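Colleague: Sequence:
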Amino acid sequence: MSEEFSGGYGSIRGQSGGNQDDRGASGGYQSEDYVIFQSLSDTISSNIFQINSNVQALERICKQLGNQLTEVPYDKLHRIQQGTNKLASDTTVCLKRMINLQGSSVSEKRKQRLQQERLKDEFENSISKYRNIQKKLSEKSKQMMNSTGTVKFTSHRGDQIPGFDDGDDKTRLLSDEQQSQQQLEDSVSLDQSLLEERERMTRQLESDILDVNEIFRDLASIVHDQGEVVDSIEGHVIRAHDDVENANEQLQKASVYRRKARKKKCCLLLILLIILAIIAIIIYIKTKN
Numbered sequence: 543m544s545e546e547f548s549g550g551y552g553s554i555r556g557q558s559g560g561n562q563d564d565r566g567a568s569g570g571y572q573s574e575d576y577v578i579f580q581s582l583s584d585t586i587s588s589n590i591f592q593i594n595s596n597v598q599a600l601e602r603i604c605k606q607l608g609n610q611l612t613e614v615p616y617d618k619l620h621r622i623q624q625g626t627n628k629l630a631s632d633t634t635v636c637l638k639r640m641i642n643l644q645g646s647s648v649s650e651k652r653k654q655r656l657q658q659e660r661l662k663d664e665f666e667n668s669i670s671k672y673r674n675i676q677k678k679l680s681e682k683s684k685q686m687m688n689s690t691g692t693v694k695f696t697s698h699r700g701d702q703i704p705g706f707d708d709g710d711d712k713t714r715l716l717s718d719e720q721q722s723q724q725q726l727e728d729s730v731s732l733d734q735s736l737l738e739e740r741e742r743m744t745r746q747l748e749s750d751i752l753d754v755n756e757i758f759r760d761l762a763s764i765v766h767d768q769g770e771v772v773d774s775i776e777g778h779v780i781r782a783h784d785d786v787e788n789a790n791e792q793l794q795k796a797s798v799y800r801r802k803a804r805k806k807k808c809c810l811l812l813i814l815l816i817i818l819a820i821i822a823i824i825i826y827i828k829t830k831n
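Here my numbering = 1-based position in the sequence shown + 542.
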């Protein structure tokens, strides 16, 4: 497995590769759409697994942030979230592509539909978890930044130093205080720079928060498109059912016709036998006389 927060996804290609001539494990021929569908399915499953791994990594970081001594790993958070956002976007595209791929038979179409629904549900669940941990991280980083506070600086220049009237001692003490004051100012400036950097990174984390609503809208459109495909499949099934019923009706009619024809033949044969019997009797009587 690649390192967490991976942002890419595999190329869309057949599981069997180019050496097996698009043939499944059973040796039977598989259509191009079937091969692409399975490749998309594998890619989506891999992306969902990586998203879940990234969510677990973010949860571990979120737990560590409960310690006030822990520094927020902004760079790592940014990389993980950027990679996860890319995975989410790529997975949505793959799910949309699956809509346009249909199996060569009704049973295959139904199987692909169930597989797609399962992947879509797993993806929605992963994205919901990712969105929740993003909110927690954003809130904790804000709390840590606010709890750090700012160092207040109070000037003491010109204050009377009690107990020292000697000019040289007073001058020396004032010089020491000025040095301490400068060090304090430098420390305040450094703290202020750190706070500004934290504010900037916090805003960056907020901008990384995934727009889940947009993804859910895309998934809703997938469900709508899938419904149209299902309607088309059901239409084919209904037409096939009607054709089967018509064929059965024609077979029944043909069977009845054959029975009637056999009955008619039997009747004609019986009549012929009766006539032949009568003729034979007449000939026999005449011959005897």
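For the record, the hints were derived by calculation from the structure and aren't laboratory data. Keep in mind it's a predicted model, so treat the numbers as computed, not measured. Mixed in with the good hints there might be a few duds.
[To be verified] Subject to a maximum C-alpha distance of 27 Å in a straight line, what follows is the list of computed DSS-like cross-link-like pairs (lysine-lysine):
1) Lys638 / Lys653
2) Lys605 / Lys618
3) Lys618 / Lys684
4) Lys677 / Lys628
5) Lys618 / Lys628
6) Lys662 / Lys677
7) Lys662 / Lys651
8) Lys618 / Lys677
9) Lys682 / Lys638
10) Lys638 / Lys618
11) Lys795 / Lys807
12) Lys605 / Lys653
13) Lys638 / Lys678
Colleague: I'd like to know which numbered hints this structure contradicts. Please list them from smallest to largest.
Modeller: 9, 10, 12, 13
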